[in-house]
Amino acid sequence: MSEPIISEQGAQKKAKRRSAKAGLPPGTLVYIGARKTDHVRLTLIQYRDGFFKQQELKTIDEFLTIYTATESDVMTWLDIGGLHDVQLIEQIGTACQLHPLLLEDIVNTEQRPKREDYDSLLYVVVKMLCLGATRTEILAEQVSLVMGERLLLSFQENGTDVWAPIRDRLRTGKGRIAASGMDYLLYSLVDAVVDNYFAVLEFIGEQLEQIEDRLLTAPTPDSLRDLHVLKREMLFVRRATWPLREVLSGLGRGDSRLMTESTRLYMRDVYDHTVQVIDTLETLRETVAEMLDLYLSSMSNRVAAVMKVLTIITTIFMPLSFIAGVYGMNFRHMPGLDSRWGYPVVVACMVAIGLLMIVLFRKKRWL
Amino acid sequence: MSEPIISEQGAQKKAKRRSAKAGLPPGTLVYIGARKTDHVRLTLIQYRDGFFKQQELKTIDEFLTIYTATESDVMTWLDIGGLHDVQLIEQIGTACQLHPLLLEDIVNTEQRPKREDYDSLLYVVVKMLCLGATRTEILAEQVSLVMGERLLLSFQENGTDVWAPIRDRLRTGKGRIAASGMDYLLYSLVDAVVDNYFAVLEFIGEQLEQIEDRLLTAPTPDSLRDLHVLKREMLFVRRATWPLREVLSGLGRGDSRLMTESTRLYMRDVYDHTVQVIDTLETLRETVAEMLDLYLSSMSNRVAAVMKVLTIITTIFMPLSFIAGVYGMNFRHMPGLDSRWGYPVVVACMVAIGLLMIVLFRKKRWL
Amino acid sequence: MSEPIISEQGAQKKAKRRSAKAGLPPGTLVYIGARKTDHVRLTLIQYRDGFFKQQELKTIDEFLTIYTATESDVMTWLDIGGLHDVQLIEQIGTACQLHPLLLEDIVNTEQRPKREDYDSLLYVVVKMLCLGATRTEILAEQVSLVMGERLLLSFQENGTDVWAPIRDRLRTGKGRIAASGMDYLLYSLVDAVVDNYFAVLEFIGEQLEQIEDRLLTAPTPDSLRDLHVLKREMLFVRRATWPLREVLSGLGRGDSRLMTESTRLYMRDVYDHTVQVIDTLETLRETVAEMLDLYLSSMSNRVAAVMKVLTIITTIFMPLSFIAGVYGMNFRHMPGLDSRWGYPVVVACMVAIGLLMIVLFRKKRWL
Amino acid sequence: MSEPIISEQGAQKKAKRRSAKAGLPPGTLVYIGARKTDHVRLTLIQYRDGFFKQQELKTIDEFLTIYTATESDVMTWLDIGGLHDVQLIEQIGTACQLHPLLLEDIVNTEQRPKREDYDSLLYVVVKMLCLGATRTEILAEQVSLVMGERLLLSFQENGTDVWAPIRDRLRTGKGRIAASGMDYLLYSLVDAVVDNYFAVLEFIGEQLEQIEDRLLTAPTPDSLRDLHVLKREMLFVRRATWPLREVLSGLGRGDSRLMTESTRLYMRDVYDHTVQVIDTLETLRETVAEMLDLYLSSMSNRVAAVMKVLTIITTIFMPLSFIAGVYGMNFRHMPGLDSRWGYPVVVACMVAIGLLMIVLFRKKRWL
Amino acid sequence: MSEPIISEQGAQKKAKRRSAKAGLPPGTLVYIGARKTDHVRLTLIQYRDGFFKQQELKTIDEFLTIYTATESDVMTWLDIGGLHDVQLIEQIGTACQLHPLLLEDIVNTEQRPKREDYDSLLYVVVKMLCLGATRTEILAEQVSLVMGERLLLSFQENGTDVWAPIRDRLRTGKGRIAASGMDYLLYSLVDAVVDNYFAVLEFIGEQLEQIEDRLLTAPTPDSLRDLHVLKREMLFVRRATWPLREVLSGLGRGDSRLMTESTRLYMRDVYDHTVQVIDTLETLRETVAEMLDLYLSSMSNRVAAVMKVLTIITTIFMPLSFIAGVYGMNFRHMPGLDSRWGYPVVVACMVAIGLLMIVLFRKKRWL
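As you go down the protein sequences, you meet chains A, B, C, D and E in turn.
Heads up: the first sequence begins at 1397 in the numbering used here, then just goes up one per residue.
Heads up: the second sequence begins at 1397 in the numbering used here, then just goes up one per residue.
Heads up: the third sequence begins at 1397 in the numbering used here, then just goes up one per residue.
Heads up: the fourth sequence begins at 1397 in the numbering used here, then just goes up one per residue.
Heads up: the fifth sequence begins at 1397 in the numbering used here, then just goes up one per residue.
So that you can see chain A by itself, here it is in the shape it has in the complex:
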């Protein structure tokens, strides 16, 4: 099994980077994470029922010029791909009047999924998990969504694009999405992220099946290691899903003023999907636990099998060797040594004893 690499590495690595922030005043933007893309991509989409426009921007000023000139019934979605350019993030923050702590959270890519209500904004952090192009690794990145009444900002760490279908739907004007408000777009983005979790679970499930096959045919210590790698991946998915569940539960209940009643129904639907992901995850965890059991028991069965062979060999040959040893003693006066039939009789006895042992082992089901 090629060890799948989750881009956002294990806990040790994280803590290391995180400690770089100690001592800095709150609101200082420090990008914690590897630089995942060279160039920060700014994609601006504006839409209304029957209207759609997509542009790649270069600077924040460009965005400001366009945004201030936008009619009030047009929805604006700015997708920022890449978080390492801290100055740019700060410019966006100033332009859109975001709270310093909110900006700090956006670039701190080790956030747990969470929701925060600012006065006229809704801030949602989710973890995007998807399979790489070769389908042999799980890509993980943090996605921050900031929603206002007419504006939605989405911050990604790099360019994994799971939102292409949503842009298509906006462009073609199919479905409810183009005719709905900002909250429905937020729902669609989160829904697309959660939908990809199923693909990741499927990937983990496939690997689990492969390991299971190997465990049943030829258990090796490597299988154990692979199981532990899988376990960590599942732990990672779990940590992404559990807090998300609460976030979605809150959005579905309607704690926020910015969510309309009809979108809440859809949010509850994503919530149901998250619960389904958690359920599947728990089942996978149980399966992994069972496999560990199976592995350990098959290992100890192997030891038992080796023991049996050892015991059988010893039990058969020790008495025979002893008899040979007895007739190898150099006493002058030993009955039978001079007899013609001495040797054949003793050898016959040996064969008989050997066979007897084998019959005994058969009976005890050791052979």
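Don't read these hints as lab results, they were simulated from the structure.
Among these hints, one or two may not hold up.
Each pair may be met inside one copy or between any two copies, as identical chains are not told apart.
[What the hints assert, rightly or not] Straight-line alpha carbon distances no greater than 27 Å define the calculated BS3-like cross-link-like pairs of lysine-lysine that follow:
no., residue 1, residue 2
1, 1510, 1627
2, 1454, 1570
3, 1417, 1570
4, 1417, 1627
Keeping the supplied structure of chain A fixed, place chains B, C, D and E upon it in accordance with the hints.
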């Protein structure tokens, strides 16, 4: 043990199919699951106290014609057997004005049991578990129940019919059912589903007893595998029951406007049955855990027994072989070799040592 | 240890019988359980301060005649011993206007302890556990108590009489009981049931001590099996006690109109006893877990001990046998073979090596 | 390790004694427990700011006489040492108008720590744990505190006096205690009891350290048994502390009318101490679990070490013995037997093989 | 691995010191803990927007003189470094009118993190964890923060200074801090403490990686011990973090009058960090658990490997030695002994049998 096949397979399989939905707009109907029946069966039952009529329909139009012509005090129950014909489901949705998300849930057969309140509708999802005709496998399918004031739609994946007794009671007008409203029919359907859980538990219990018998007489690694199969089945039942418990608790408490007070009492009764199922399940789980313990301990006892044999053989024959070896040395001057009694005395010593060992082992309770 | 038999057997058995009900309309009375007594016993007790009358009745009509003629300040307690006569139960139900579901619960002897409030009735189910006459088995049966304002019905599965002291107190008029209302009688009955739990725990504790003694002196696989039997018994007591705790907590809090304030104080007292039972049970469970640990560790100590013997024997005799083997080679030119001192020197060497080994093992504390 | 004896023995013993009460009417006083002191000690203390008087009483009448003659601003504390004289307890109950159930709880020394509010009384049960005079055993007894507006009754099982410092403070009038009300005295008594828990934890911690030392140097099965003894002691402390926490939380929150606001602050302080005790206990529990792990792993390391010795010996000597055996065969025509160099060459080969083996084992780190 | 020493040692040590307080009246100040610094350092900082003054004080009188002369819009922060001088603490208590219990809590350095609201004061206890200068040990100390409207007292056990950056920010007037109230300073201090937790986690994570490397290359019992040391450290961090989470949750929710709304937002941010610490900790715990699994399984793999070698050697040489033994018997009439080809044939047979065995083992994958 013939491995019982739960029709709705393990978690890995599910996730795979589920991921096919990624990228599609919400409300898109995709039937996730194997096509379990060729032909979608539409059974229409209409009843009132003293009146009963059952028809097999071909199309939804037929249903609409009949339904609109129905008197207002007649109860209508449409049972849809088969979910793969997505267009038909959509037609039903349009005819009965069902929410797109509700329809999506109906065909997504990996739903957890849940309840949802739409304005004038109550939507309940339960998992039907029953034994196959040969009583060697557990059949699982998702059942969706949509209840209005005078209409109840029941969606099944295939044709397992556990509701025949209810139709009989409606036909004969026996019991409260014919004279009661839609909510009592809903109760009866759920009750019939839960009643079948007991048969499934009984089946699992029987298999557990068989495994236990084998464990006590001749424990093999296969027993372990069978236990794990049982464990998964129990996990499956558990996942069907736990959320159902909450659904029924809510219906019994009376959160819904569509449930009458008297039916709530009955709902609380089904709730009690569900708790009983969970209780039995927990007991079975404890039993499985105990058996795993027993298996492991009997396995390690076997190893210990093998060790003992090995040690006994070694301990008896090593000293004897050594003595034989000593008298097999080729020194010219060795006392006793030329003596007449040398050989008998040494052999006697050997026998004595061997017997002493055996006595010692007896004392130590190794023999 | 004679395996204690809990009359109401394990979970598998139960589910089997329970599934017989599938398909029957709710309210159909099916007695689930073994027929534990031939004849249904009807004991009528009527009392008031200073007045006491006990009669054995034959029919329900007899009861009705007496009951309707009873003065309004006389308390009536009808004790029904035996549930298999479903018709009789139905007659009682009709006579006392009990809800069909309540009757169904009474004969369904696999109920969990629970409380239900009907309009003018309080329905309580508890599990009676007591030791058999020979004090070697635990008897279990379901007890249903239906309390009205002036009437209390108690349903037992068979004739285990733990309520004799209460009847005595009623007869002699000692204590508060005769002067109090129906609710105090209910309390007294439940209190008597809970008091017997302590005897059962004591019985389990004694058996645990016996097993512990055997584990410390001569651990056998049988001890393990006995421990598991005990564990199941404790699980059974646990399942009887935990729900009871909630029932009593509710009665003590005073959710029910039929409980007077002063009796609630007594109910809280029984509640405390139940908590004490649960506490003791948890302690016993911990003890069982410890013993399993001890058993496993003593088992593996045994294997280790066997290993040591094996290793010691091998380590001492292998080198000695090798030396003997060397001098048993048939080379013509071997130094020492012809010498007078060859044999004694070699034997002395052997003895020295053997002693050295023993000293070494002493040092390593293997001997 | 001398097994520390907790006076109030394990669960089995308790249940036995407790079952003696079955069948008795509620409110019947049965002293459950060993008779821990011969003579019931009645110590009366009366105090007010600047006034203190301590008397040993003989009878309850004496107390009544004094108490009724007491001025209304004098606080009265009656400490009863010994509970076996049930009649005396009953007299106190009558004199102070205590509820029969309260009296029953006082003599039932297997109560869990709890609090009960009677109309004008507050009843608190705590477990006193302290070290014996020799500091080698943990003494446990139940302490019941009944507090009225001007009267506090404290019931102890025997004479362990942890309250001497409090009496001293009352006598000398130091601190807040003499000038405060009954509730502050209650606080002081409970505080003194909880303070002693730390000494008990310290004792357990010391023993744990001793066992750890032994485990690291010479692990024996006895260490395991000692660990289990410690575990039971900790379980005992735990059962005394957890319910106490809730009791104190309630008193600190101010559910009771008899607690003044300022004393509640102090109660919250004892509550903090209890939480600290629980914390320490949990840490100790983790330590015990770790030691069990260490023990088991060191045990299995020992087995592995023994195995290695066995394998090394076998692997070195078996091939050598085989070579010796080959040259011990009696074939007439064997090359080398007659040669002058046969013997030395073969012996040299043997030595070479032996050394090779040792080098190999060194490489594999077995030596 | 050099065992990292957490200054505040394990639970046993603590309890010992704590028990010294038994019997003393509440409010008696007893410093529990090692004397960590010789001299008590008193650092006074006074600031306002644009104004900053830092002084080292000698006595409390000095402080009082300055404080009373301070203008009402100047914030005062007194940092007390060292708690062993109980008299000084008492003087501060008197000067600032602190409750005796509060003072007791300050010097009792085994407090759990907690928050307490006194009338005009907010009292917060946190555990400061940081790495020592050599980055090889974790330093732990208790920090008590007492906040009034214009005054903040911070009590440290010794001089670990994690607050230098905050003083710098105050001095330079950078950020919000100088312009904000006391509550923002409180937030900054707590934030600095929590930020250091990440460094500690990073340290633990690094050690974990080192142990993991060693486990994969050469597992020794020492690795196990190191894992347990790490586990204790993590337990320690956990005990510092969990209660802190609740403290911060309360401060973020705004239970306290002294916290302004804007600072609460920041408090929720620290709360998020604490949750992140807990998350990382749980991941580390899972990793440790996995490593224990890996260690145990690699250990048992070693035993299995040893067993295999033993069995292979035995299985190959026992039959060969037996054959040699047979031809070493001294029968006069044995076929082949006198033959020229006897010896070569037998040796060839032996070699053949040996090779056969090896082939067999290859097939069984034992070689």
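Taking the hints in turn, this is what the structure says about them:
no.: 1; hint: 1510 <-> 1627; verdict: within (24 Å within a copy, 29 Å between copies)
no.: 2; hint: 1454 <-> 1570; verdict: neither (29 Å within a copy, 32 Å between copies)
no.: 3; hint: 1417 <-> 1570; verdict: between (45 Å within a copy, 17 Å between copies)
no.: 4; hint: 1417 <-> 1627; verdict: between (30 Å within a copy, 26 Å between copies)
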